[in-house]
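Chemist: Chain W is fixed; fit chain F onto it per the hints.
There are 2 protein chains.
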Amino acid sequence: MFEIRTRSTDGRARTGTLRLAHGDVQTPAFVPLATRGAVKTLEPRDVEALGYEMVLGNTFHLYLSPGPELIDSYGGLGAFMRWTRPIITDSGGFQVFSMGHGSVAEEIKGRGRGRGSTSNGAILEIAEEGVRFRSYIDGSERFMAPETSMAVQAALHSDIALVLDECTPFHVSRDYTARSTERTHRWLERCLDWHAQHGPRDQVVYGIVQGGVERDLRVASAETVAASRCGGIAIGGSLGQDKPQMHEVVDWTTASLEQSAPERPRHLLGIGDIDDLLIGVGLGIDTFDCAMPTRLARHGVAIVPDPDARWRVDLAKASFRNSHEPILEGCPCPACSAGFTRGYINYASRAGETTGPRLLTLHNLSYIQRLMADLRVAIDAGTLAATVAAFMAGAAPSVR
Amino acid sequence: MFEIRTRSTDGRARTGTLRLAHGDVQTPAFVPLATRGAVKTLEPRDVEALGYEMVLGNTFHLYLSPGPELIDSYGGLGAFMRWTRPIITDSGGFQVFSMGHGSVAEEIKGRGRGRGSTSNGAILEIAEEGVRFRSYIDGSERFMAPETSMAVQAALHSDIALVLDECTPFHVSRDYTARSTERTHRWLERCLDWHAQHGPRDQVVYGIVQGGVERDLRVASAETVAASRCGGIAIGGSLGQDKPQMHEVVDWTTASLEQSAPERPRHLLGIGDIDDLLIGVGLGIDTFDCAMPTRLARHGVAIVPDPDARWRVDLAKASFRNSHEPILEGCPCPACSAGFTRGYINYASRAGETTGPRLLTLHNLSYIQRLMADLRVAIDAGTLAATVAAFMAGAAPSVR
Numbered sequence: 001m002f003e004i005r006t007r008s009t010d011g012r013a014r015t016g017t018l019r020l021a022h023g024d025v026q027t028p029a030f031v032p033l034a035t036r037g038a039v040k041t042l043e044p045r046d047v048e049a050l051g052y053e054m055v056l057g058n059t060f061h062l063y064l065s066p067g068p069e070l071i072d073s074y075g076g077l078g079a080f081m082r083w084t085r086p087i088i089t090d091s092g093g094f095q096v097f098s099m100g101h102g103s104v105a106e107e108i109k110g111r112g113r114g115r116g117s118t119s120n121g122a123i124l125e126i127a128e129e130g131v132r133f134r135s136y137i138d139g140s141e142r143f144m145a146p147e148t149s150m151a152v153q154a155a156l157h158s159d160i161a162l163v164l165d166e167c168t169p170f171h172v173s174r175d176y177t178a179r180s181t182e183r184t185h186r187w188l189e190r191c192l193d194w195h196a197q198h199g200p201r202d203q204v205v206y207g208i209v210q211g212g213v214e215r216d217l218r219v220a221s222a223e224t225v226a227a228s229r230c231g232g233i234a235i236g237g238s239l240g241q242d243k244p245q246m247h248e249v250v251d252w253t254t255a256s257l258e259q260s261a262p263e264r265p266r267h268l269l270g271i272g273d274i275d276d277l278l279i280g281v282g283l284g285i286d287t288f289d290c291a292m293p294t295r296l297a298r299h300g301v302a303i304v305p306d307p308d309a310r311w312r313v314d315l316a317k318a319s320f321r322n323s324h325e326p327i328l329e330g331c332p333c334p335a336c337s338a339g340f341t342r343g344y345i346n347y348a349s350r351a352g353e354t355t356g357p358r359l360l361t362l363h364n365l366s367y368i369q370r371l372m373a374d375l376r377v378a379i380d381a382g383t384l385a386a387t388v389a390a391f392m393a394g395a396a397p398s399v400r
Numbered sequence: 401m402f403e404i405r406t407r408s409t410d411g412r413a414r415t416g417t418l419r420l421a422h423g424d425v426q427t428p429a430f431v432p433l434a435t436r437g438a439v440k441t442l443e444p445r446d447v448e449a450l451g452y453e454m455v456l457g458n459t460f461h462l463y464l465s466p467g468p469e470l471i472d473s474y475g476g477l478g479a480f481m482r483w484t485r486p487i488i489t490d491s492g493g494f495q496v497f498s499m500g501h502g503s504v505a506e507e508i509k510g511r512g513r514g515r516g517s518t519s520n521g522a523i524l525e526i527a528e529e530g531v532r533f534r535s536y537i538d539g540s541e542r543f544m545a546p547e548t549s550m551a552v553q554a555a556l557h558s559d560i561a562l563v564l565d566e567c568t569p570f571h572v573s574r575d576y577t578a579r580s581t582e583r584t585h586r587w588l589e590r591c592l593d594w595h596a597q598h599g600p601r602d603q604v605v606y607g608i609v610q611g612g613v614e615r616d617l618r619v620a621s622a623e624t625v626a627a628s629r630c631g632g633i634a635i636g637g638s639l640g641q642d643k644p645q646m647h648e649v650v651d652w653t654t655a656s657l658e659q660s661a662p663e664r665p666r667h668l669l670g671i672g673d674i675d676d677l678l679i680g681v682g683l684g685i686d687t688f689d690c691a692m693p694t695r696l697a698r699h700g701v702a703i704v705p706d707p708d709a710r711w712r713v714d715l716a717k718a719s720f721r722n723s724h725e726p727i728l729e730g731c732p733c734p735a736c737s738a739g740f741t742r743g744y745i746n747y748a749s750r751a752g753e754t755t756g757p758r759l760l761t762l763h764n765l766s767y768i769q770r771l772m773a774d775l776r777v778a779i780d781a782g783t784l785a786a787t788v789a790a791f792m793a794g795a796a797p798s799v800r
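As given, the protein sequences belong to chains W and F, one line each in that order.
Using our numbering, read the first sequence as starting at 1 and increasing by one per residue.
Using our numbering, read the second sequence as starting at 401 and increasing by one per residue.
Don't take each hint at face value.
Here are the simulated SDA-like pairs of lysine to any residue, each with C-alpha atoms no more than 25 Å apart in a straight line [unchecked claim]:
| id | chain 1 | residue 1 | chain 2 | residue 2 |
| --- | --- | --- | --- | --- |
| 1 | F | 717 | F | 707 |
| 2 | F | 717 | W | 139 |
| 3 | F | 717 | W | 69 |
Ranges of calculated distance between the beta carbons of each label pair, as one might list FRET restraints [unchecked claim]:
| id | chain 1 | residue 1 | chain 2 | residue 2 | range |
| --- | --- | --- | --- | --- | --- |
| 4 | F | 699 | W | 122 | 29 to 35 Å |
| 5 | W | 138 | F | 699 | 18 to 24 Å |
| 6 | W | 140 | F | 675 | 41 to 47 Å |
| 7 | W | 140 | F | 576 | 56 to 62 Å |
| 8 | F | 786 | W | 339 | 42 to 48 Å |
What the hints contain is simulated information worked out from the structure, not anything from laboratory work.
Just so it is clear, the structure is predicted and the values come from calculations on it, not from any experiment.
For every residue, glycine included, the Cβ atom is placed at its ideal position computed from N, Cα and C.
The following block holds chain W by itself, in its conformation from the complex (with noise of 0.2 Å):
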């Protein structure tokens, strides 16, 4: 199901094809968010268009609406959304828990670099058994156990599922997060029980590890999971109070998996600037979520290759009401070809045009993607340091 193709000589970067059931994906990717089934402004033949080929779907919203029911009738997530390539489905542990833990799960993983608001529910009660929560669209009572998480996604029929976890918060006592990581672990163990009872032949679960910011329990959740009949990792929960913090993480959890489970993908959850991807592709992730590149183009803001600000240009300011730039100079991407310019999508985003936040929303993932797209050559061409080099000296990834 996953084959490295490359090693990197100087480090854990690998390039690698999954090898799912709707198509292949080159790694290491990013995967965009169709949180809702939806890539939000854009069509499927956008995203493929733009070079992707996996997007990330939503367990948690998609149990609440439309149900997995009603998706299981059109034949699953993609034959719904007319995607037709392959879906990686988020647990749902992430919105469940960000719903009784608040704010604590925007301070994990950054403001607005969470996996999807959950604002209006609530949690009502985390047991062995499962989470009772209260819907953010009806209020109505809702039960998720581990099983319910990997029904639904069953009924999705996403290619790759994650196992339901607890993500822990960051404020907690280390024995908080001890006794949180163990249940994730039984959890992992409920999915896999199901999923190898009911689950689709065709859909690969990752266990998901967890652990907090302790490297004891980091390591020994990575081990747990690598033990387990997972057919890949994901690292979850929290990632620290800072960048540094959390690429010691990832940096503990993929030198772990380098020793335990060498040979298995490694997803990401929910990070993915561009200092995260070019620090966690040299920590050996194969695959990334993020909203950002999608969130940030809804709020008028650019990427661009300035990593003194974040690679980050917010075009709604209103400096750049009379700019005749384009978004960014050289850039192949639909928007910038067609000659947008900066001023354009400044009136665009201020006038409520929703054109404006779709053009961004092409460029930032045509950003992130032809990114991608250089940092595999460069492990293939065994360049990967100087290509990351250039890239946070303030390189534009290439023109293809």
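Modeler: For chain F alone, kept in the frame of chain W given last:
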């Protein structure tokens, strides 16, 4: 500037070509709205791919934001919004007067068929010199004279500019309508004077026929406009309280124009339901603009060949929640040909995913474009009556 190709032998319908500064427009044609500089939810390349050759920008809205100076600095509205083909700009008269006449404007055009909302603004004074009003954007006091409208449209570099008119409401007295229409004629001359001195050489100016629902006033207005230096003629204002009366008003007007200005192109302002298009073409209308296809799309409504339901199906209704049917069987539009179902459109519309409105905008505009193409073919073939009868009986436009 306007070459008539075929005159129908059994009515006033004709096919022709508008030769404009930015290219040709085959007529009869429907003109999608790009009110504020974007066809809502679409990119210009989408509009062009559907086969459209012209869009309509709105002088009133663009005057207030982002302002004519800014758009002029880009080289005009087309360059600003990245639409390379012809643009017609509305004069702003309808929007200014709809602020004063309030709900009357809705009465005239039918609910949801007006030329853009101005609900937060206010008209302050209508005088011979022009109209003072309060901006709905920032509350500032603004003034629009006929010369202002022409100057704004010159800055927008539209291919076709419309003269400023008072859009006479329906409920006023015959006397008010007569005096209002006379002022509109004086404004016509002022617009043409300004344009002759300052307007772009390659911009065509259309006069506007007013006269309410009074036959003699309409005919007199048509004759006055026809006797002017205008390059084309638009029909505006109160077109009656119901469709039969509206069609009668158009009939009086085009019958008069057939005598006085048979070679000049005719535009019907703000009208474009399917039956209005079918009847309007038969009455000798060359171009139409209307918010209908794009606005309905944003409310989950698809255009379908169902005359009994006014060619509409409201896919946001709960009954379509589980519909596996396509939006329209056999439809070649980008949404239908990609296999999107009524159930998915229902879900996306309710979930607030803009992909839903986008798909319906593509569908609705594709439908209208193919309908107009069929009418052009039928006129050239001498089979218009049969083609219109077939559409009135529920035929779908050709797949092309």
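Chemist: All hints, please: hold or fail.
Modeler: Here is what the structure says about each hint:
no. : hint                       : verdict
1   : 717/F to 707/F             : 19 Å, holds
2   : 717/F to 139/W             : 22 Å, holds
3   : 717/F to 69/W              : 19 Å, holds
4   : 699/F to 122/W: 29 to 35 Å : 32 Å, holds
5   : 138/W to 699/F: 18 to 24 Å : 22 Å, holds
6   : 140/W to 675/F: 41 to 47 Å : 44 Å, holds
7   : 140/W to 576/F: 56 to 62 Å : 57 Å, holds
8   : 786/F to 339/W: 42 to 48 Å : 44 Å, holds
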